[in-house]
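What follows is each chain in one-letter form.
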Amino acid sequence: SQTIHQWPATLVQPVGSPLSLECTVEGTSNPNLYWYRQAAGRGLQLLFYSVGIGQISSEVPQNLSASRPQDRQFILSSKKLLLSDSGFYLCAWSTGGYYNSPLHFGNGTRLTVT
Amino acid sequence: KNEVEQSPQNLTAQEGEFITINCSYSVGISALHWLQQHPGGGIVSLFMLSSGKKKHGRLIATINIQEKHSSLHITASHPRDSAVYICAVRGQGAQKLVFGQGTRLTINP
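Taken in order, these protein sequences are the chains called A and B. For the first sequence, the positions run 1 to 114 when our numbering is used. For the second sequence, the positions run 115 to 223 when our numbering is used.
Read the hints as simulated data drawn from the structure, not as lab findings. Mixed in with the good hints, there may be bad ones.
Claimed, not checked - Pair ranges (Cβ atoms, derived):
no.	chain 1	residue 1	chain 2	residue 2	range
1	A	Val60	B	Asn136	25 to 31 Å
2	A	Glu26	B	Gln209	22 to 28 Å
3	B	Ser165	A	Val60	43 to 49 Å
4	B	Glu117	A	Asp71	29 to 35 Å
5	B	Gly156	A	Pro69	34 to 40 Å
6	B	Leu163	A	Val12	35 to 41 Å
7	B	His152	A	Ser57	24 to 30 Å
8	A	Val12	B	Ile174	37 to 43 Å
9	B	His192	A	His5	38 to 44 Å
10	A	Arg42	B	Thr220	15 to 21 Å
11	A	Ser77	B	His192	26 to 32 Å
Ideal Cβ placement from N, Cα and C applies to all residues, glycine included.
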């Protein structure tokens with residue numbers, strides 16, 4: 001069966017510090033991978049998605065970046081965090097090659113930038 | 115105007131009541147998703163549909179493509195159904211989903 005792992009679950013970082021959130025998927029090949037952010041009291045915002053290794057599409061210009069070094073690994077990074085980066089970050093995957101398939105979410109990382 | 119509008123934003127009901135959450139959208143779509151976000155933040159995909167009706171346990175999702183409207187129904191509601199329910203649509207030819215703001219459901223015992 002397929003599983004998605006996302007860590008850490010919570011993170012408190014000072015302004016200006018770097019960020020690295022990691023997401024891995026097991027039990028499937030060539031998944032579509034997504035990073036979403038949910039600010040307090042707001043809806044889900046797509047940040048990045050990837051349809052293959054090294055292929056990253058950015059939806060929102062900001063100081064975050066994403067990388068996909070391996071087929072089932074998706075990393076969200078920042079060189080210098082801003083207060084506005086605080087929020088709940090969710091990684092998700094869907095079946096690659098299918099136009100419509102259900103999304104499967106990780107448990108999320110709650111990031112607080114102080 | 116948001117592409118995806120959910121109503122109500124908040125809903126409180128007593129255990130056992132029949133619950134309806136609505137989702138209206140403004141674009142032609144290829145699929146509509148209903149998601150459930152638990153109080154801890156985790157999100158579970160409930161349904162993906164492009165026509166008609168789907169049922170899973172006490173949950174029923176319907177969609178009317180012509181009216182650009184979907185409903186999520188919960189029968190015999192239970193306190194464990196308390197969560198935020200999110201509607202999301204994928205526009206025709208679009209890669210990404212557009213999300214509604216969510217409906218916060220609270221079921222009191």
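**Item:** Violating hint indices (sorted, rising)
**Value:** Checked against the structure, the hints that fail are numbers 3, 5, 9, 11, while the rest are satisfied.
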